[in-house]
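Engineer: We have chain A already, so just place chain D on it with the hints.
There are 2 protein chains.
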Amino acid sequence: MAAPDPARLSLNTATIREKWGLAQAIEGCARHGIRGIAPWRDQLAAMGVKDAVRSIKSNGLTVSGLCRGGFFTAKDWMDDNRRAIEEAHALGAQCLVLVVGGLIPGSKDLPGSRERVKEGIAAILPEARKAGVPLAIEPLHPMQAAERACVNTLEQALDICDALGEGIGVAVDVYHLWWDPKLEQQIRRAGNKRVLAYHISDWLVPTRDLLNDRGMMGDGVIELPRIRGWVEGAGYTGFHEVEIFSELNWWQRDPDEVLQICKSRFATIT
Amino acid sequence: MAAPDPARLSLNTATIREKWGLAQAIEGCARHGIRGIAPWRDQLAAMGVKDAVRSIKSNGLTVSGLCRGGFFTAKDWMDDNRRAIEEAHALGAQCLVLVVGGLIPGSKDLPGSRERVKEGIAAILPEARKAGVPLAIEPLHPMQAAERACVNTLEQALDICDALGEGIGVAVDVYHLWWDPKLEQQIRRAGNKRVLAYHISDWLVPTRDLLNDRGMMGDGVIELPRIRGWVEGAGYTGFHEVEIFSELNWWQRDPDEVLQICKSRFATIT
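Chains as they are written, first to last, in our numbering: chain A, 1 to 270; chain D, 1 to 270.
No lab work stands behind these hints: they were computed from the structure.
Please read all numbers here as calculations on a predicted model, not as lab measurements.
Hints may contain errors.
Which copy is meant is left open, so a pair is good if it fits within one copy or across any two.
Claimed, not checked - Heads up, simulated EDC-like pairs for lysine to aspartate or glutamate below, C-alpha to C-alpha not over 16 Å straight-line:
no. : residue 1 : residue 2
1   : K182      : E155
2   : K130      : D219
3   : K182      : D159
4   : K108      : D254
5   : K182      : E115
6   : K19       : E247
7   : K19       : D51
8   : K108      : D219
9   : K108      : E223
10  : K130      : E166
11  : K75       : D162
12  : K182      : D109
13  : K263      : D5
14  : K19       : D256
15  : K57       : E27
16  : K263      : D219
17  : K130      : E86
18  : K19       : D42
19  : K50       : D162
20  : K75       : D209
21  : K130      : E115
22  : K118      : E155
23  : K50       : D254
24  : K50       : D5
25  : K193      : E155
Here chain A stands alone, though its shape is the one from the complex (with noise of 0.2 Å):
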């Protein structure tokens, strides 16, 4: 299988998000040759979005995806999804990623939870679309259903965009989703229409942490060329994106090592 095209790769922000703020983050990417680059709003917030526009522009960046939007199940989700619009529109950002938000607080309605994520979707849906932003569900891993979000599987996901229409899609990311026995079945059916983002990182053997244990590509046991291959074979031809949580590893670490390493593991693994 041919190695991808160098100029896919992207760094979502959160893979050294310890060590750099946006403005560092960007000059990063630009020095390193990284063309995609997937900023967090709380950093965005830091930047100032003017500023980050601005610097994005001129190094010639484009934003693979906004993290994020969502939180349906949370108090004050529509305002907070409103201004996440704004922002993805200003950044010419691919897709808006939802995380969806898990059970409603206090509650184990988890089938309840779940339709007051489609609701909140929805509802949202319109505003995205006059402002020409792609939402992307993000299906996250099973272990995260009860406290970052309920949508799990990326079968459910693309049921709630079949119910809703268009200018919605999914953020397939290979560390939540690689475990599912119907994947491949699941992204051909989204297709090219409704793949928005692709993630990727890898699951370390053991994982120490439900959150922040992520691997680095080849460190660990997902078959990532065989991944890709369905998602290229889907029609995406968009950016690759690192994303990788990492409290006890790639955190620790200088962040032009971690970029360095991230675009050879890209180049070889992927």
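Structural biologist: Relative to chain A, chain D alone:
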């Protein structure tokens, strides 16, 4: 919703394994009026199968399941599963629970590992049928896909059952399956014929360890009565087996206290 029949409570000995051997667990169940028990094979070997059979019978207990066969991706799986079937037969176990094994060692080939699991189950099924031992595939949480079981949803397990025919079903463990958007649908699909065991515990928020941080019923976020309703609705009338791996809490406690709490939570929470 009416409380479950107290006579349907079973103790999976993993719940108190740090403090009690099998002989103590059998006597403890009898003392607390718990009518079912599910031993692990290492404890069974330590006690001796004959002694265990004798003690379980004389205390009037039923073996709701033997833990475990499986690990078809490991080396000596065939002999080990033959012995497990013999032991389950000797105990009159209502099923032999199959923890099917994760990735083939040294491999990232998840579809290939799943194929090997299916072939392994097919290979032992005739002997299980001959011995009158139903095999219960236990889908494990996706976070265990690499290391312990590459069967991770009820749908996937039932597809295997349907391909293999009679004498095989599933163990429905709420800890592994509670997050699944298709759980209700697939329990209905399974029906009384395929649901061979029902395991209960709870999902803690936060969960601090991927293996050994399960909660007592009521301490987490699983809506146990709802899932029990689905299982009973499918026609299941067997035991409700408490299985709690808990390094940090329940394994540290006096097993008599643990059994007492299992009983009261079973009556009030599940």
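Engineer: Hint by hint, note whether the structure agrees.
Structural biologist: Against the structure, the hints come out as follows:
{"no.": "1", "hint": "K182 / E155", "result": "both (8 Å within a copy, 10 Å between copies)"}
{"no.": "2", "hint": "K130 / D219", "result": "neither (42 Å within a copy, 44 Å between copies)"}
{"no.": "3", "hint": "K182 / D159", "result": "both (14 Å within a copy, 12 Å between copies)"}
{"no.": "4", "hint": "K108 / D254", "result": "neither (41 Å within a copy, 29 Å between copies)"}
{"no.": "5", "hint": "K182 / E115", "result": "between (23 Å within a copy, 14 Å between copies)"}
{"no.": "6", "hint": "K19 / E247", "result": "within (12 Å within a copy, 34 Å between copies)"}
{"no.": "7", "hint": "K19 / D51", "result": "neither (20 Å within a copy, 61 Å between copies)"}
{"no.": "8", "hint": "K108 / D219", "result": "between (36 Å within a copy, 11 Å between copies)"}
{"no.": "9", "hint": "K108 / E223", "result": "between (35 Å within a copy, 6 Å between copies)"}
{"no.": "10", "hint": "K130 / E166", "result": "within (12 Å within a copy, 55 Å between copies)"}
{"no.": "11", "hint": "K75 / D162", "result": "neither (26 Å within a copy, 44 Å between copies)"}
{"no.": "12", "hint": "K182 / D109", "result": "between (25 Å within a copy, 15 Å between copies)"}
{"no.": "13", "hint": "K263 / D5", "result": "within (11 Å within a copy, 59 Å between copies)"}
{"no.": "14", "hint": "K19 / D256", "result": "within (10 Å within a copy, 50 Å between copies)"}
{"no.": "15", "hint": "K57 / E27", "result": "within (11 Å within a copy, 73 Å between copies)"}
{"no.": "16", "hint": "K263 / D219", "result": "within (14 Å within a copy, 44 Å between copies)"}
{"no.": "17", "hint": "K130 / E86", "result": "within (11 Å within a copy, 66 Å between copies)"}
{"no.": "18", "hint": "K19 / D42", "result": "within (14 Å within a copy, 48 Å between copies)"}
{"no.": "19", "hint": "K50 / D162", "result": "neither (35 Å within a copy, 58 Å between copies)"}
{"no.": "20", "hint": "K75 / D209", "result": "neither (27 Å within a copy, 29 Å between copies)"}
{"no.": "21", "hint": "K130 / E115", "result": "neither (24 Å within a copy, 47 Å between copies)"}
{"no.": "22", "hint": "K118 / E155", "result": "within (14 Å within a copy, 23 Å between copies)"}
{"no.": "23", "hint": "K50 / D254", "result": "neither (27 Å within a copy, 61 Å between copies)"}
{"no.": "24", "hint": "K50 / D5", "result": "neither (30 Å within a copy, 64 Å between copies)"}
{"no.": "25", "hint": "K193 / E155", "result": "within (15 Å within a copy, 27 Å between copies)"}
Hint check: violations occur at hints 2, 4, 7, 11, 19, 20, 21, 23, 24; the rest are consistent with the structure.
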